[in-house]
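Taken in sequence, the protein lines are chains A and B. Numbering of the first sequence is given in the numbering used here, commencing with residue 1 and proceeding in unit increments. Numbering of the second sequence is given in the numbering used here, commencing with residue 1 and proceeding in unit increments.
These are calculated hints, taken from the structure and not from any lab test.
Here are the computed lysine-lysine pairs in the DSSO-like style, where the Cα-Cα straight-line distance is at most 27 Å:
hint: 1; chain 1: A; residue 1: Lys56; chain 2: B; residue 2: Lys167
hint: 2; chain 1: A; residue 1: Lys291; chain 2: B; residue 2: Lys3
hint: 3; chain 1: A; residue 1: Lys9; chain 2: B; residue 2: Lys3
hint: 4; chain 1: A; residue 1: Lys10; chain 2: B; residue 2: Lys166
hint: 5; chain 1: A; residue 1: Lys194; chain 2: A; residue 2: Lys9
hint: 6; chain 1: A; residue 1: Lys194; chain 2: A; residue 2: Lys164
hint: 7; chain 1: A; residue 1: Lys194; chain 2: A; residue 2: Lys240
hint: 8; chain 1: B; residue 1: Lys133; chain 2: B; residue 2: Lys167
hint: 9; chain 1: A; residue 1: Lys56; chain 2: A; residue 2: Lys194
hint: 10; chain 1: B; residue 1: Lys169; chain 2: A; residue 2: Lys56
hint: 11; chain 1: A; residue 1: Lys9; chain 2: B; residue 2: Lys169
hint: 12; chain 1: B; residue 1: Lys166; chain 2: A; residue 2: Lys56
hint: 13; chain 1: A; residue 1: Lys9; chain 2: B; residue 2: Lys166
hint: 14; chain 1: B; residue 1: Lys169; chain 2: A; residue 2: Lys10
hint: 15; chain 1: A; residue 1: Lys10; chain 2: B; residue 2: Lys167
hint: 16; chain 1: A; residue 1: Lys164; chain 2: A; residue 2: Lys228
hint: 17; chain 1: B; residue 1: Lys3; chain 2: A; residue 2: Lys10
hint: 18; chain 1: A; residue 1: Lys9; chain 2: B; residue 2: Lys167
hint: 19; chain 1: A; residue 1: Lys164; chain 2: A; residue 2: Lys240
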Amino acid sequence: MAVAVALQKKVAMTGNEAVAQAMRQIEPDVVAAYPITPATDIVQYFSNFVANGQVKTEFVTTESEHSAMSACVGASAAGVRAMTATASNGLALMWEVLYIASGMRLPLVMTVVNRALSSPINIHCDHSDSMGARDAGWIQIYSENTQEAYDNVIQAIRIAQHPKVLLPVMVMLDGFIISHAMENLEILEDGDVKEFIGEYRPERYLLDADHPITIGALDLNDYYFEHKRQQVEGLLQARKVILEVAGDYQRVSGRSYGLFEAYRMEDAEAAIVVMSSTAGTVRTVVDAMRKEGHRIGLIKPRVFRPFPARDLAEVLRGVKAVAVMDRSESMSTAGGPLFTELRSAIYELEPRPLAADYIFGLGGRDIYPEDVCGIFQRLLAAKPGDICSDPMVTYLGVRE
Amino acid sequence: MAKIFEIRWHGRGGQGAKTAALLLAEAASVAGKEIQGFPEYGPERTGAPVASFNRISDQPIGIRSAVTHPDVVVVLDPTLIGRVDVTSGLGNGGAIIVNTNGPASQIRTRLKVDGIRVYTVDANQISLDTLGKAIPNTPMMGALMRVSGILDYEDFMLSLRVQLTKKFKGKETIVEGNLRAVERAYQEVQGDDL
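Starting from the given sequences, assemble the full structure and let the hints guide the process.
Below, the structure is given as structure tokens:
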């Protein structure tokens, strides 16, 4: 036993603790933050590292999230690595500055602990906060568990700062379900993380007195359009960079990442597409129902921005029916954000799979394996040639 | 242990139900198990009924739902019985351990549920004796170890010492007091087959 303790590679941590550890190992030059539930622990743990002298980071306590993001923008424009963390209404308050960060091509990294937006006031998990920011020009990466949250934060640094990308990255984990839950994970050696992310040497930055530049200038109908197009180019390039970084990370950590995870999809006739922690529950159901002979699988998108539309369509080729589980409501009345993207992505498939949307878990409503079983049963009952489900959007577990 | 062993803790805000779930998860992790430890999320108020959960397994754990069909329920405060459905989802052969100075037979009568194993231990008195105040969460972990056998007892005590020493750096009396409390509850828990 004593030997087992000594050799234990895995450590038990909550999601927030794991993210804070990643930040300690990254040791950004600046962290500016304003705490908000359920992301508060991240900043709290990190401020301890600062106070204990474990990191040399300049820690800026701001009076709001708007200021926190503004301070990160300033620091990043000046030429250093900057990070922050937030959730829910905190992210909403950052709104205008999110677009400024991406428009100025600043490689910030921010952890978003997913939580419902007010009102009604709710502190629990759903994806309304980050989904609302999906068009802000940030790369978005979603994590299933504490291990992925840790791994994604470290990889995000490399993705953001890549010269072909130069875009801010948001890393998501589910509020409370992951942020406050203790799980086993493997932490890399400090030196390995430092080596993996490398030294930050931006090509151009504001405080480079020998090469003065202007950042954030007025840009009207003469060049604004070109700059937006270039942002899209950064996101297009990001697809390849994310995969390259994942490859490098696998060499250091032994853990592999892609744009999404396709689980038992080889011969699947029905699939559920779901992000973040719920993918764990769905995977459990896939294993159980596979034992009964059902050909079903799971697709867990990791990268939502850029949206890997063609890659997802390829893995869904030949699938009879697909259900998308959205943990947010877009209020379009035509399905949640993941559904509309995914459905559009499979439009060109021949034959086209049936697509159904399930909005679930808003405001932290729990989801159980039986709910997931029910979805698979409905998909398996679909007749070949059915492309539109009725209803197209189902509200799972809501009282009506 | 092929299946996932599930535990639900019931307590009142301030009694350490969340801490117990996290400490147990850490100790089980150090002992080489796959683990989950999480509280029932909500505004935390002193004295209000709260719950927390554990999953322990030899295999990776994917499920993220709350624990609805626990193998063992631990009740830190007997006044919750009748106010909170503490036996909810407890199947045939499941066990409940209640912190009380009364006998298990008395609790069985109050629970009005057949087919479950009922155990009691006076964790308040034990923690008063060993720590000087009523903090029932750590002794209840000792009782849980005895009733469930989910971890080797020696492994568990060694892991717990590691965790407590880390948590209470330089406060050896607290570490030793807690370990004694766990030890005593392990010995003193009583019930159907003990």
